[in-house]
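Note that the protein sequences, when read in sequence, are chains A and B.
The first sequence begins at 2 in my numbering and counts up one residue at a time.
The second sequence begins at -19 in my numbering and counts up one residue at a time.
Because the hints were derived from the structure by calculation, they are not lab data.
Mixed in with the good hints there might be a few duds.
[Claimed, not checked] Here are the simulated DSS-like cross-link-like pairs (lysine-lysine), alpha carbons at most 30 Å apart as the crow flies: (1) B:Lys40 x B:Lys203; (2) A:Lys177 x A:Lys159; (3) B:Lys115 x A:Lys159; (4) B:Lys40 x B:Lys154; (5) A:Lys177 x B:Lys154; (6) B:Lys40 x B:Lys115; (7) B:Lys147 x B:Lys115; (8) A:Lys177 x B:Lys203; (9) B:Lys115 x B:Lys203.
Here the structure is a predicted model, which means the values were calculated and not measured.
For reference, the chains in residue letters:
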Amino acid sequence: MSALQIATPGQTIGPFFGYALPFDRGNELVPPGSTNAIQLSGTVSDGEGRPVPDALLEIWQADADGVIPNSTGSLRRDGWTFTGWGRASTDDVGRYSFTTVVPGASRPDAAPFILVTVFARGLLNRLFTRAYVPGEQLSNDPLLASLPPERRDTLVAKREGSGLRFDVQLQDAPNKPETVFLRYPGHQR
Amino acid sequence: MSTMTAMIDTNPDGAAASQQSISAEIAAIESAYQRAGVEETQPRLGYAPYRSSLLRHPTKDLHHADPEGVELWTPCFSERDVHPLESDLTIQHSGEPIGERMLVTGRVIDGDGRPVRRQLVEIWQANAGGRYIHKRDQHPSAIDPNFTGVGRCLTDDEGRYRFTTIKPGPYPWKNHRNAWRPAHIHFSLFGTEFTQRMVTQMYFPGDPLFSLDPIYQSITDQKARDRLVATYDHDVTTHEWATGYRWDIVLTGATRTPTENHDHGSEHR
Chain A
2 MSALQIATPG QTIGPFFGYA LPFDRGNELV PPGSTNAIQL SGTVSDGEGR
52 PVPDALLEIW QADADGVIPN STGSLRRDGW TFTGWGRAST DDVGRYSFTT
102 VVPGASRPDA APFILVTVFA RGLLNRLFTR AYVPGEQLSN DPLLASLPPE
152 RRDTLVAKRE GSGLRFDVQL QDAPNKPETV FLRYPGHQR
Chain B
-19 MSTMTAMIDT NPDGAAASQQ SISAEIAAIE SAYQRAGVEE TQPRLGYAPY
31 RSSLLRHPTK DLHHADPEGV ELWTPCFSER DVHPLESDLT IQHSGEPIGE
81 RMLVTGRVID GDGRPVRRQL VEIWQANAGG RYIHKRDQHP SAIDPNFTGV
131 GRCLTDDEGR YRFTTIKPGP YPWKNHRNAW RPAHIHFSLF GTEFTQRMVT
181 QMYFPGDPLF SLDPIYQSIT DQKARDRLVA TYDHDVTTHE WATGYRWDIV
231 LTGATRTPTE NHDHGSEHR
């Protein structure tokens, strides 16, 4: 094995990704209205509570049975293949929306979550977070257990209509606690 | 938020500060970094000279996560997603784009030096005059009808990517008075785990704007900044066709990295 390598630094996605990264049906992991389809949506806000209209979110998740997809075709969706990955820009009021399914647990008793990556103008490197599915298994989750209650809540999606709502607060704002963002073992400062 | 923010104009689009005062802020942060003596390899998330970061960075430490489930896997892409011609940004219209035709190639590897195979690389960039095809770009430089500035490719089995494009120009932005970005190409990268997902910018060697640019300088360590600068490579340059640049990319995520304790280094794999 060759020597361990230091990661290439990230940089902001900047203001001009909108003509490059979004693609047709990028936010539709399943077609809207299909069996078991839910909407996962929310608002991205800044440290003054203002919406962030130039953010890009990606999600990556297991299917409804907890199986991690390995199918290609996300960029040219055929409407039938669940690839587990999607991309959505925020709109002029900072709102994003995905059509997907509620992920199943990847092992018994695990708390299922959707992995979320956030990019934005003004954000110098991407952020990772987890949008947990509300439910009983949450009490078994070691990551949630390692957080004080008011921070823990920022990681749990809320049921809204027939879907889930997950807001992303980039920085503490009045009455809006900062979302917990994650560092994985391979991420250096 | 840092105490500095009370002393500076925090309006992200105000463009009120001079380059001199932005450069002074950059220098103060870099010298504090050097005094601290703790190596950094990534940009600061809160970096006051880049005004738009002030309200858009988390103020709490990133929370340690032990990766599990989907965090150890990555989306898959194939020729079903990307056509081979999408890696040539110079053939998307009926005529030749204006500017210096160039090739950019390199390898995408993980923290152990293994190639990232058959993965998606996306790029976007300004044209030779520093203008993006984007409705928010108001820079009064010509739009090139033969250049959009968007490309995609899949890495090969050695982790190699390769694009044919036009060398982008520098362009002004509204961070401060007379602010100019060094020429760059935006790169969006996927690794062998989704925790390696990354977006960054590739720069060109010797750009005179480096020291003035708060986005580039948000990486406080010179060695780390250098990792974003491509190398001119005459072996990539092709006879009577295009100049060549080489830039390799390292992606890390779930697996523990070099400077940390390795006693439990492989427990997550």
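Going down the list of hints, with the structure as the test:
1. B:Lys40 x B:Lys203: Given that 30 Å is the threshold and the Cα spacing comes to 26 Å, the pair holds.
2. A:Lys177 x A:Lys159: Measuring from Cα to Cα gives roughly 15 Å; hence the hint holds.
3. B:Lys115 x A:Lys159: Given pair B:Lys115, A:Lys159 is violated - Cα atoms ~35 Å apart, limit 30 Å.
4. B:Lys40 x B:Lys154: Roughly 28 Å separates the two Cα atoms, so the pair holds.
5. A:Lys177 x B:Lys154: It holds: about 29 Å lies between the C-alpha atoms, which stays within 30 Å.
6. B:Lys40 x B:Lys115: Given that 30 Å is the threshold and the Cα spacing comes to 34 Å, the pair is violated.
7. B:Lys147 x B:Lys115: Holds, at roughly 21 Å.
8. A:Lys177 x B:Lys203: 37 Å, violated
9. B:Lys115 x B:Lys203: The given pair, whose Cα atoms are some 35 Å apart, is violated under the 30 Å limit.
Violation of the numbered hints given earlier is confined to hints 3, 6, 8, 9; the remaining hints are satisfied by the structure.
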